[in-house]
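S.K.: Sequence:
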Amino acid sequence: MSLRSPLYSQRKPLLLVAGLLGAGFLIISLLGYHAANTSVRDHTLRMLYLNLLIGLLVTLAVLAILYQLISSYQRRIDAQATLDSLTELPNRRGFDLLAVQALHEAQREPQPLAALLLELDEFKRLDSTHGHIASDQLLTGFARDLTDSLRHSDIVCRWSGETFIVLLKDTDGQNGLKIAEKIRQRIEQQRYFCSGKELRVTVSIGLTTLQGEDTLHSLLSRTDHALQRARQTGNNRTCVQMPHSSYE
Numbered sequence: 001m002s003l004r005s006p007l008y009s010q011r012k013p014l015l016l017v018a019g020l021l022g023a024g025f026l027i028i029s030l031l032g033y034h035a036a037n038t039s040v041r042d043h044t045l046r047m048l049y050l051n052l053l054i055g056l057l058v059t060l061a062v063l064a065i066l067y068q069l070i071s072s073y074q075r076r077i078d079a080q081a082t083l084d085s086l087t088e089l090p091n092r093r094g095f096d097l098l099a100v101q102a103l104h105e106a107q108r109e110p111q112p113l114a115a116l117l118l119e120l121d122e123f124k125r126l127d128s129t130h131g132h133i134a135s136d137q138l139l140t141g142f143a144r145d146l147t148d149s150l151r152h153s154d155i156v157c158r159w160s161g162e163t164f165i166v167l168l169k170d171t172d173g174q175n176g177l178k179i180a181e182k183i184r185q186r187i188e189q190q191r192y193f194c195s196g197k198e199l200r201v202t203v204s205i206g207l208t209t210l211q212g213e214d215t216l217h218s219l220l221s222r223t224d225h226a227l228q229r230a231r232q233t234g235n236n237r238t239c240v241q242m243p244h245s246s247y248e
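With full-length UniProt numbering applied, the sequence shown corresponds to residues 1 to 248, in that order.
Hints were generated in silico from the structure; no laboratory data involved.
Note that beta-carbon positions come from the ideal geometry of N, C-alpha and C, so glycine has one too.
It is possible that part of the hints are untrue.
[To be verified] FRET-style restraints, in silico, Cβ to Cβ:
no.: 1; residue 1: Ile65; residue 2: Thr147; range: 34 to 42 angstroms
no.: 2; residue 1: Glu105; residue 2: Gln68; range: 28 to 36 angstroms
no.: 3; residue 1: His152; residue 2: His130; range: 28 to 36 angstroms
no.: 4; residue 1: Arg231; residue 2: His132; range: 16 to 24 angstroms
[Claimed, not checked] The calculated lysine to any residue pairs, modelled on SDA-like cross-linking and capped at a C-alpha distance of 25 angstroms, are:
no.: 5; residue 1: Lys178; residue 2: Thr202
no.: 6; residue 1: Lys169; residue 2: Leu220
no.: 7; residue 1: Lys169; residue 2: Thr140
no.: 8; residue 1: Lys197; residue 2: Ser153
no.: 9; residue 1: Lys197; residue 2: Gln232
no.: 10; residue 1: Lys169; residue 2: Arg191
no.: 11; residue 1: Lys124; residue 2: Leu56
no.: 12; residue 1: Lys178; residue 2: Asp145
no.: 13; residue 1: Lys182; residue 2: Glu213
no.: 14; residue 1: Lys124; residue 2: Lys169
no.: 15; residue 1: Lys169; residue 2: Glu198
no.: 16; residue 1: Lys178; residue 2: His132
no.: 17; residue 1: Lys182; residue 2: Gln137
no.: 18; residue 1: Lys182; residue 2: Ser153
no.: 19; residue 1: Lys178; residue 2: Ile155
no.: 20; residue 1: Lys197; residue 2: Thr163
no.: 21; residue 1: Lys178; residue 2: Lys197
no.: 22; residue 1: Lys178; residue 2: Asp127
no.: 23; residue 1: Lys124; residue 2: Gln228
no.: 24; residue 1: Lys178; residue 2: Cys194
no.: 25; residue 1: Lys182; residue 2: Phe123
no.: 26; residue 1: Lys182; residue 2: Asp145
no.: 27; residue 1: Lys178; residue 2: Met242
no.: 28; residue 1: Lys169; residue 2: Val100
no.: 29; residue 1: Lys182; residue 2: Gly141
Starting from the given sequences, assemble the full structure and let the hints guide the process.
M.R.: Okay, structure coming up:
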């Protein structure tokens, strides 16, 4: 999947045009300057080619500035396309890019990989009771605590609304369960101060591990089934859907 904007595709043609212009101007200028040197009397021709050379330098400077502007704009577009504006975590599109690479690496090695799907319990009730601003602050605080509970190598994103997803690299089911419980207990004990109010929240978690034949869809489908079981059996718990794994 590519996140490149149409502007990105213009950068190589822009550089090609700049290179051709530069080469053409340089050749003409050098030939003209050489020709002018053979006849000192032709001062006008000499000045003409000197002006062409100056024009070349100005053109290259303008193209360089334009290239930097396009690159900066492209970086902003990429960030907006792959990051959640509220939590600053990767969004669903950003997760897809990271997850495909993580699955490929884990299956190629092979290495264990655990997936967690987390959902804040009764979030809609909290939202209707305390308002959207408090809910946004709660989500931001939860995202921060979730990230702090993980390693830098792990992948975490805001999947949608109050749902988050985590890929734990080089982690089997047993260790994944320990991490999930550590997160769940931390959130249960945490206090969030949102819009002058102290809010408490719990989280339900679904867990599974990567299998050799898995696609991203099948992996996430199992985490979703595990999460639904956690919600149906009372919330604030971790449920596991763990097929046979060679890593355990």
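S.K.: Please list, smallest to largest, the hint numbers that this structure does not respect.
M.R.: 8, 9, 10, 11, 13, 14, 15, 16, 21, 22 and 24
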